[in-house]
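Using the sequences and the hints, build the whole thing.
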Amino acid sequence: ETGVTQTPRHLVMGMTNKKSLKCEQHLGHNAMYWYKQSAKKPLELMFVYNFKEQTENNSVPSRFSPECPNSSHLFLHLHTLQPEDSALYLCASSQDWGETQYFGPGTRLLVL
Amino acid sequence: DAKTTQPPSMDCAEGRAANLPCNHSTISGNEYVYWYRQIHSQGPQYIIHGLKNNETNEMASLIITEDRKSSTLILPHATLRDTAVYYCIVRLVITQGGSEKLVFGKGTKLTVNP
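Same order as they appear, the protein sequences are chains A and B. Position one of the first sequence corresponds to residue 9 (my numbering), numbered consecutively onward. Position one of the second sequence corresponds to residue 44 (my numbering), numbered consecutively onward.
In case anyone wonders, no lab produced these hints; they're calculated from the structure. This structure is a prediction, so every number in the text was calculated from the model and none was measured. Virtual Cβ for every residue (Gly too), placed ideally from N, Cα, C. Incorrect hints may have been included.
Straight-line alpha carbon distances no greater than 20 Å define the calculated PhoX-like cross-link-like pairs of lysine-lysine that follow [claimed, not checked]:
1) B/Lys-152 x A/Lys-49
2) A/Lys-44 x A/Lys-26
3) A/Lys-44 x B/Lys-144
4) A/Lys-44 x A/Lys-27
5) A/Lys-30 x A/Lys-44
6) B/Lys-46 x B/Lys-95
7) B/Lys-46 x B/Lys-152
8) B/Lys-149 x B/Lys-112
9) A/Lys-60 x A/Lys-30
10) B/Lys-149 x A/Lys-48
11) A/Lys-48 x B/Lys-144
12) A/Lys-49 x B/Lys-149
13) B/Lys-149 x A/Lys-44
14) B/Lys-112 x B/Lys-95
15) A/Lys-48 x B/Lys-46
16) A/Lys-48 x B/Lys-152
17) B/Lys-144 x A/Lys-49
18) B/Lys-46 x A/Lys-49
19) B/Lys-46 x B/Lys-112
20) A/Lys-60 x B/Lys-144
21) B/Lys-144 x B/Lys-46
22) B/Lys-46 x B/Lys-149
FRET-style restraints, in silico, Cβ to Cβ [what the hints assert, rightly or not]:
23) B/Gly-72 x A/His-34: 30 to 38 Å
24) B/Asn-66 x A/Asn-25: 42 to 50 Å
25) A/Met-21 x B/Pro-51: 29 to 37 Å
26) B/Arg-124 x A/Asp-104: 29 to 37 Å
27) B/Ile-106 x A/His-34: 27 to 35 Å
28) B/Glu-109 x A/Leu-120: 51 to 59 Å
29) A/Ser-73 x B/Pro-157: 44 to 52 Å
30) A/Gln-62 x B/Thr-48: 32 to 40 Å
31) B/Gly-58 x A/Gly-11: 25 to 33 Å
32) A/Gly-22 x B/Gly-58: 43 to 51 Å
33) A/Thr-24 x B/Asp-110: 52 to 60 Å
34) B/Met-102 x A/Asp-104: 19 to 27 Å
See below:
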């Protein structure tokens, strides 16, 4: 257990669905991150939040919409995804921006 | 691009020490060496990091050569649950111009055999 939890662990959705991924950290950290890991590709950083403010958006399509209501919770809202968006979505947190990151178990997403 | 070189795979017998090498010959003086591992289909797990001195925690030891061009992660008594892909990452701290982005290379697939 790393102190970072993600729900759901698995998700299957159609291209017209709307769903949300949730991440919660119990470490008192101030920074949270969303990563995407596709099969046989390295981790891709999607979004970074520091003290609830978004500090980075790595050219992520608008069908992915992050939300950070407080320093402990991070959401990724999904809307009209494509099959190529199927991947493992990982949340991470760190004490402060740029420090050691601790990852959650991930959400395995399949878009049909 | 990852600035480290690791062997693609290694095997280790259960109960023995697993020594995973990493080459980072272009490392700069302010860059840390981080190790993570990822068990199949799970999130990466932080193991240890260091700058110059050797480091030890409850999971592993990190030995960094004096010239800092290479390092070795040591799992002192490998178990079957240590089977995973191990990533060596070189990273500059934010306060010295680094990035929050973790750049994972291909790592070393460690298989611990019974």
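Verification of the hints:
1. B/Lys-152 x A/Lys-49: With a Cα-Cα distance of about 15 Å, the restraint between B/Lys-152 and A/Lys-49 holds, given a limit of 20 Å.
2. A/Lys-44 x A/Lys-26: holds, 18 Å
3. A/Lys-44 x B/Lys-144: Measuring from Cα to Cα gives roughly 12 Å; hence the hint holds.
4. A/Lys-44 x A/Lys-27: holds, 16 Å
5. A/Lys-30 x A/Lys-44: Status holds; Cα separation ~14 Å.
6. B/Lys-46 x B/Lys-95: Holds, because 17 Å separates the two Cα atoms, which is no more than 20 Å.
7. B/Lys-46 x B/Lys-152: holds, 18 Å
8. B/Lys-149 x B/Lys-112: Answer holds: B/Lys-149 to B/Lys-112 is near 19 Å, not above 20 Å.
9. A/Lys-60 x A/Lys-30: Holds - the C-alpha atoms of A/Lys-30 and A/Lys-60 are around 15 Å apart, at most 20 Å.
10. B/Lys-149 x A/Lys-48: holds, 9 Å
11. A/Lys-48 x B/Lys-144: Roughly 19 Å between the alpha carbons, so the hint for A/Lys-48 and B/Lys-144 holds.
12. A/Lys-49 x B/Lys-149: Status holds; Cα separation ~9 Å.
13. B/Lys-149 x A/Lys-44: At roughly 16 Å apart (the allowed maximum being 20 Å), A/Lys-44 and B/Lys-149 satisfy the hint.
14. B/Lys-112 x B/Lys-95: With a Cα-Cα distance of about 11 Å, the restraint between B/Lys-112 and B/Lys-95 holds, given a limit of 20 Å.
15. A/Lys-48 x B/Lys-46: Between A/Lys-48 and B/Lys-46 the Cα gap is close to 19 Å, so the pair holds against 20 Å.
16. A/Lys-48 x B/Lys-152: holds, 13 Å
17. B/Lys-144 x A/Lys-49: The given pair, whose Cα atoms are some 15 Å apart, holds under the 20 Å limit.
18. B/Lys-46 x A/Lys-49: Holds. B/Lys-46 to A/Lys-49 sits at ~16 Å (cutoff 20 Å).
19. B/Lys-46 x B/Lys-112: Distance of about 11 Å is within 20 Å: holds.
20. A/Lys-60 x B/Lys-144: holds, 18 Å
21. B/Lys-144 x B/Lys-46: holds, 13 Å
22. B/Lys-46 x B/Lys-149: With Cα atoms ~11 Å apart, B/Lys-46 and B/Lys-149 stay inside 20 Å; holds.
23. B/Gly-72 x A/His-34: 30 to 38 Å: holds, 36 Å
24. B/Asn-66 x A/Asn-25: 42 to 50 Å: holds, 45 Å
25. A/Met-21 x B/Pro-51: 29 to 37 Å: Between A/Met-21 and B/Pro-51, where Cβ atoms are some 34 Å apart, the hint holds.
26. B/Arg-124 x A/Asp-104: 29 to 37 Å: Cβ of B/Arg-124 to Cβ of A/Asp-104: about 31 Å, so the range 29 to 37 Å holds.
27. B/Ile-106 x A/His-34: 27 to 35 Å: holds, 32 Å
28. B/Glu-109 x A/Leu-120: 51 to 59 Å: holds, 54 Å
29. A/Ser-73 x B/Pro-157: 44 to 52 Å: holds, 46 Å
30. A/Gln-62 x B/Thr-48: 32 to 40 Å: Once the Cβ atoms are compared, 34 Å apart, the range 32 to 40 Å for B/Thr-48 and A/Gln-62 holds.
31. B/Gly-58 x A/Gly-11: 25 to 33 Å: holds, 30 Å
32. A/Gly-22 x B/Gly-58: 43 to 51 Å: The hint (43 to 51 Å, Cβ to Cβ) holds, given that A/Gly-22 and B/Gly-58 are roughly 48 Å apart.
33. A/Thr-24 x B/Asp-110: 52 to 60 Å: Taking Cβ atoms as reference, A/Thr-24 and B/Asp-110 lie about 57 Å apart, which means the hint holds.
34. B/Met-102 x A/Asp-104: 19 to 27 Å: holds, 23 Å
Violated hints: none; the structure is consistent with every hint.
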